[in-house]
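Taken in sequence, the protein lines are chains A and B. Numbered per this note's numbering, the first sequence spans residues 1 to 300. Numbered per this note's numbering, the second sequence spans residues 1001 to 1285.
Treat the hints as calculated values from the structure; they're not laboratory data. Fair warning: there could be bad hints in the mix.
List of simulated lysine-lysine pairs, DSSO-like, C-alpha gap at most 30 Å [unchecked claim]:
1) Lys1261/B - Lys250/A
2) Lys1081/B - Lys1261/B
3) Lys1188/B - Lys1235/B
4) Lys1188/B - Lys181/A
5) Lys1235/B - Lys1213/B
6) Lys1235/B - Lys1087/B
7) Lys1261/B - Lys1213/B
8) Lys250/A - Lys1188/B
9) Lys1213/B - Lys1188/B
10) Lys250/A - Lys276/A
11) Lys1213/B - Lys250/A
12) Lys276/A - Lys181/A
13) Lys1188/B - Lys1087/B
14) Lys276/A - Lys1235/B
15) Lys1081/B - Lys1213/B
Derived DEER-like restraints, expressed as beta-carbon distance ranges [stated by the list, open to error]:
16) Ser1002/B - Asn238/A: 51 to 57 Å
17) Ser235/A - Cys1147/B: 54 to 60 Å
18) Glu1051/B - Val33/A: 38 to 44 Å
Idealized CB from N, CA, C, for every residue including glycine.
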Amino acid sequence: MNYYRIFGLNIASELPLPSRAIPGPSPCGADLVIVFGTVPEMLAAPRSNGIRYQVAPGEFLLQVDNVARFYVRDGNRITISPEAGAGEEDILIFLMGSAMGALLHQRNTLVLHGSAIAVNGSGVAFCGPSGSGKSTLAAGFHRRGYPLLADDLCAIAIHDGRPVVIPGFPRLKLWADTLLKLDTRTERLQRVRLGVQLEKYFLPVDDSLQEPVPLAAVYTLAVSNTDTMSVTPLSGANKVDQLLGNTYRKRILHGLRGGTDHFGQCSAVAAAVAVKRVIRPDRGFRLDEMLDLLATGFTP
Amino acid sequence: MSGIVWLASYPKSGNTWFRVFLANLLADADTPASINDLDTPIASARELFDETVGFDASDLSLDEIDRLRPEIYCHLAGGLKEPYFMKIHDAWTLLEDGRPLIPAAATAGAIYFTRNPLDVAVSFAHHSGWDYDTAIASMADDNFTFCGTPTCLHNQFRQRLLSWSAHVLSWVDRPPFPVCVLRYEDLKASPRETFTRAVRFAGLHHSAVQIEKALAFSRFETLRRQEDAEGFREKSAATIRFFRAGQAGSWRSELNASHVKRIVSDHGEVMQRFGYLDENGEVVC
Chain A
1 MNYYRIFGLN IASELPLPSR AIPGPSPCGA DLVIVFGTVP EMLAAPRSNG
51 IRYQVAPGEF LLQVDNVARF YVRDGNRITI SPEAGAGEED ILIFLMGSAM
101 GALLHQRNTL VLHGSAIAVN GSGVAFCGPS GSGKSTLAAG FHRRGYPLLA
151 DDLCAIAIHD GRPVVIPGFP RLKLWADTLL KLDTRTERLQ RVRLGVQLEK
201 YFLPVDDSLQ EPVPLAAVYT LAVSNTDTMS VTPLSGANKV DQLLGNTYRK
251 RILHGLRGGT DHFGQCSAVA AAVAVKRVIR PDRGFRLDEM LDLLATGFTP
Chain B
1001 MSGIVWLASY PKSGNTWFRV FLANLLADAD TPASINDLDT PIASARELFD
1051 ETVGFDASDL SLDEIDRLRP EIYCHLAGGL KEPYFMKIHD AWTLLEDGRP
1101 LIPAAATAGA IYFTRNPLDV AVSFAHHSGW DYDTAIASMA DDNFTFCGTP
1151 TCLHNQFRQR LLSWSAHVLS WVDRPPFPVC VLRYEDLKAS PRETFTRAVR
1201 FAGLHHSAVQ IEKALAFSRF ETLRRQEDAE GFREKSAATI RFFRAGQAGS
1251 WRSELNASHV KRIVSDHGEV MQRFGYLDEN GEVVC
């Protein structure tokens, strides 16, 4: 067993995870156990399903062709059944994504589809669909010295009535073209997938931040085919809508536990933090210009 | 008729114009539908994938994505009670394992838009920010592909278009489902008859009056005015405007003799079949 503390959870895992290993086991036991083993073919009574997943209250089953099947149960156990010939690297990326996302949903943690950095001790999240630039922005700010809190899955809990970001994996997933823009060489980086042609790499980052930090702002990203680059603060129901819309794997979440408390969580976060809409041009990321623009809005 | 009705075409062949018409027809409102609110997503859109499959397309290779696409369309079609329209620029091709990318099981039928490749070359060049030689070379390339490089994330999935001729033949001759072929030139010259044919093919029962109104609301001038006022989110970043000329025959003032000769030499057979060349090999429209 390997022991870690990720997303605020004490994790005991048979699969080595990309995070700082801690001495274990924790005296209080593990919040999450990740093991290799037998996984059900299908769920007995799925509430919803896609072409490679099934969801029921407390249960999530995911099948990644030629990689593995993942069974996520009761917010405390992930069982992995690898396909013949699948490497650990190929399994890891799906564990860190949908499987971990479903587990956090099962634990009633709000998971936004985004990355987050720490600015003067507060969390700033960047959310948006694939390709909108979440990881690129986080990588750009990390290079400017801001610690990374999360990439892709941004876990948010309410502590004493205030939303906090719970640090995730200390890794950024970046495309080769993005790394080129960041002047980062790819030779020594681990590929996100080994078995297939995909020019995407893990960039390890400083992992000094292990404890939750208060969430200050959520920026939601959209791409435009004009030259416009803008940041617009939102108010009222628009803030809630943006958080609902940028929740990680909404359909899986609603299959696990319905939508009611999801709306409550998003409303609570919207009431406590700034939510801003960011439009960036499709052509040319103009990263530094964008980092400058966003940084002017950070609370000192 | 249930299942997906594919609105298939090589780029710049009238697909978007038809989608605007369709949005107006289905809305049946008193004012023109917004060009930024066309409810006919493209089959290669990323948004559809992640929630339907359960994991990120951005963690898959282009081949892995392709292998899942047929199942996504079947899953989508499984819940349909009415015809559902999807735009598509992929050619109708088979995957490496022999399955069609666009399966008959998901499909009610396809409306295929074809356009004189001489005009396509002009429009495609403007759309993409290319010169005419590049557009002509792309249209002759049997392996022509959108979004095919594996080093970055594209806003759409890889789309194999093949050459212009192969694209047309892939949709017109190969699919094991009904295909209604419409020429852009006929949409322009006899809109009422041609659009009505497509409406009936899709199993819609709108009246002649409703079709007439939808046509009036999707006139080129209206689309252009909307784009000038509020932009068009489907416009390529490489061009100033999407609704540029909207004419048939503009190649005559744009292309030189050598451009025309190359296109006719690359695509003469298919051009002749669809009435763009007469029996003497002369360009018709």
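Given the hint that lysine 250/A pairs with lysine 276/A, does the C-alpha gap stay at or below 30 Å?
holds, 21 Å
Given the proposed pairing of lysine 1213/B with lysine 250/A, does the C-alpha separation stay at or below 30 Å?
violated, 39 Å
Can you tell me whether the CB distance of serine 1002/B to asparagine 238/A sits inside 51 to 57 Å?
Since the Cβ atoms of serine 1002/B and asparagine 238/A sit about 36 Å apart, the hinted range of 51 to 57 Å is violated.
Pair hint lysine 1235/B and lysine 1213/B, alpha-carbon separation not exceeding 30 Å:
holds, 25 Å
Range first: 38 to 44 Å. Now tell me if the beta carbons of glutamate 1051/B and valine 33/A are that far apart.
Taking Cβ atoms as reference, glutamate 1051/B and valine 33/A lie about 28 Å apart, which means the hint is violated.
For a C-alpha distance cap of 30 Å, please report whether lysine 1235/B and lysine 1087/B respect it.
Status holds; Cα separation ~15 Å.
Take the C-alpha atoms of lysine 1081/B and lysine 1261/B, compute the straight-line distance between them, and say whether it is at most 30 Å.
Distance ~48 Å between lysine 1081/B and lysine 1261/B Cα, so the pair is violated.
Is 54 to 60 Å right for how far apart the beta carbons of serine 235/A and cysteine 1147/B are?
Hint violated: Cβ distance 37 Å, outside 54 to 60 Å.
CA of lysine 1261/B to CA of lysine 1213/B, is that 30 Å or under?
Violated, at roughly 41 Å.
Does lysine 1235/B lie within 30 Å of lysine 276/A when you go C-alpha to C-alpha?
holds, 25 Å
Under the criterion that the straight-line Cα-Cα distance not exceed 30 Å, is the pair lysine 1261/B, lysine 250/A satisfied?
Distance ~54 Å between lysine 1261/B and lysine 250/A Cα, so the pair is violated.
Sort out whether lysine 1188/B lies within 30 Å of lysine 1213/B, counting only the CA atoms.
holds, 16 Å
Of the numbered hints listed earlier, those contradicted by the structure are 1, 2, 4, 7, 8, 11, 16, 17 and 18.
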